[in-house]
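Protein chains: 2
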Amino acid sequence: MNRPMLGIFDSGIGGLTVVKELLKRHSGASFVYLGDTARTPYGNKSPDTIIEYALEDAAFLVTKGATVIVIACNTASSYAADVLRATYPDIPVFDVIQPAVDAAAAMPEQCIGIIGTKATIASGVYETRLRAANPDLRAVSAACPLFVPLVEEGWTDRPETETIARVYLAPLLEKSIESLILGCTHYPLLFKVIRKVVGDGVSILDSPSALLDHMERELSIPEGGEQNMYFTDNNEYARYFRDWFGRPFVARRADIDSRDRGV
Amino acid sequence: MNRPMLGIFDSGIGGLTVVKELLKRHSGASFVYLGDTARTPYGNKSPDTIIEYALEDAAFLVTKGATVIVIACNTASSYAADVLRATYPDIPVFDVIQPAVDAAAAMPEQCIGIIGTKATIASGVYETRLRAANPDLRAVSAACPLFVPLVEEGWTDRPETETIARVYLAPLLEKSIESLILGCTHYPLLFKVIRKVVGDGVSILDSPSALLDHMERELSIPEGGEQNMYFTDNNEYARYFRDWFGRPFVARRADIDSRDRGV
Chain A
10 MNRPMLGIFD SGIGGLTVVK ELLKRHSGAS FVYLGDTART PYGNKSPDTI IEYALEDAAF
70 LVTKGATVIV IACNTASSYA ADVLRATYPD IPVFDVIQPA VDAAAAMPEQ CIGIIGTKAT
130 IASGVYETRL RAANPDLRAV SAACPLFVPL VEEGWTDRPE TETIARVYLA PLLEKSIESL
190 ILGCTHYPLL FKVIRKVVGD GVSILDSPSA LLDHMERELS IPEGGEQNMY FTDNNEYARY
250 FRDWFGRPFV ARRADIDSRD RGV
Chain B
10 MNRPMLGIFD SGIGGLTVVK ELLKRHSGAS FVYLGDTART PYGNKSPDTI IEYALEDAAF
70 LVTKGATVIV IACNTASSYA ADVLRATYPD IPVFDVIQPA VDAAAAMPEQ CIGIIGTKAT
130 IASGVYETRL RAANPDLRAV SAACPLFVPL VEEGWTDRPE TETIARVYLA PLLEKSIESL
190 ILGCTHYPLL FKVIRKVVGD GVSILDSPSA LLDHMERELS IPEGGEQNMY FTDNNEYARY
250 FRDWFGRPFV ARRADIDSRD RGV
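These protein sequences, in sequence, are chains A and B. Per our numbering, numbering through the first sequence is continuous, rising by one, with the last residue being 272. Per our numbering, numbering through the second sequence is continuous, rising by one, with the last residue being 272.
It should be emphasised that the hints constitute simulated quantities derived from the structure, not laboratory data. Misleading hints may appear alongside valid ones.
[To be verified] Which residues of chain B face chain A? A few of them, derived with a C-beta cut under 10 Å, are: (1) PRO50; (2) LYS54; (3) LEU155; (4) ASP166; (5) VAL207; (6) GLY210; (7) ILE213; (8) ASN237; (9) THR241; (10) PHE254.
Quick reminder that beta carbons are idealized off the backbone N, C-alpha and C, glycines included.
Please build the complete structure, drawing on both the sequences and the hints.
Next comes the structure, spelled out in structure tokens:
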């Protein structure tokens, strides 16, 4: 058995919200992160393509020594979690959906809103699992496809973003939701805008903290090893790292993409 | 020599504006189109990645019989046109930038605005070529990274889109631009909104029509052969085809992505 190490992946930078929550709780956590920035975003792609990319991402992390896989992306979690579990029967695979579902289902009888990418919402995975956890729950969902580009554009705190959030969230507010699941790891970065739009009466459940609660119950978070960040594109992410984590990381280039395939 | 056929590619669906202009002028044009929807968008990716993808896209078109390559994507044109010309010395390679530059440079002395993706604007290719064509031209540019997701979301005619367009275009209007180059093949779909924001006094130059003018001068458009549409993701694009072209096309899956690479 290798020295234990978390392998965390996302379609891009959204999964860094999971890394942030991890480091907040375990600053010495051993992990390798992969952001598939060369093919981001996943949220408007097809199930087949999402599964293919998730398999490649996980394979990369395993070659880097990951002994636990964390799918820090709701879109990949929606379509690829079971495929990854079947592919790696000896490796624990955590997805970001079940922990949020469990947290929501544990609350008193209520109406739950879910927001996510087009692919996540189209999968219906949250509604299905919420109903399985508690048939009395009512759930209503909305795809918010512009939220990821708004976050990646750095427009997290702008009036235009609030205007768009009001458009997306209106149908949920009409249903008088009592809690809201942020079903995309980018969305915690829009927390302030979303809170303003839904008001203080709605509980907001975000995937990274629900995931970390769940992981802490299920395993002992490995510490004391390496902390590495890989991205499939060679953009400069260092500027995020210092802002987000209060300390620098090196962004390494992960060469998982096809370079020598025969067309 | 194969029977002549145009090979047209884009990061996704934006290049269909070039196909539309082509079919408006030559309804029987022989062409094969590739939209790299599995890896879209290109506009926020790095030069290395953009070049790598453009090479793969062109290679696919050549295996399908293309005898002319048309880069129907400003981002790929900005970084990969010269690489493609060097890779395929016997195949004419058209990019979408030079025709728009030539059209703008032919107008009376003026101040020209350019809008495009983050990568296109960062390349400075329009300013460089405009200065080369006419040192008296003044040019000012702005990246509009949310325009592509807005188009792909179908928000081409919404007040939120107009609000965002006002934010992006304000610095150009402050410089009193007399014409505006739409430096992205998605942007003609935002024509109405852009026209409203810049007013009737600004000439709008779009790449697809400048490109077709240029191609018609340079070669005889091949007609009478096949018309094929390929996409690297297997999403359903048929809904666009009937709206855009007034007739259906079959969207075929192009398997150019890495499936059997060793990680």
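So which of those numbered hints doesn't the model satisfy? 4, 5, 6, 7, 8 and 10
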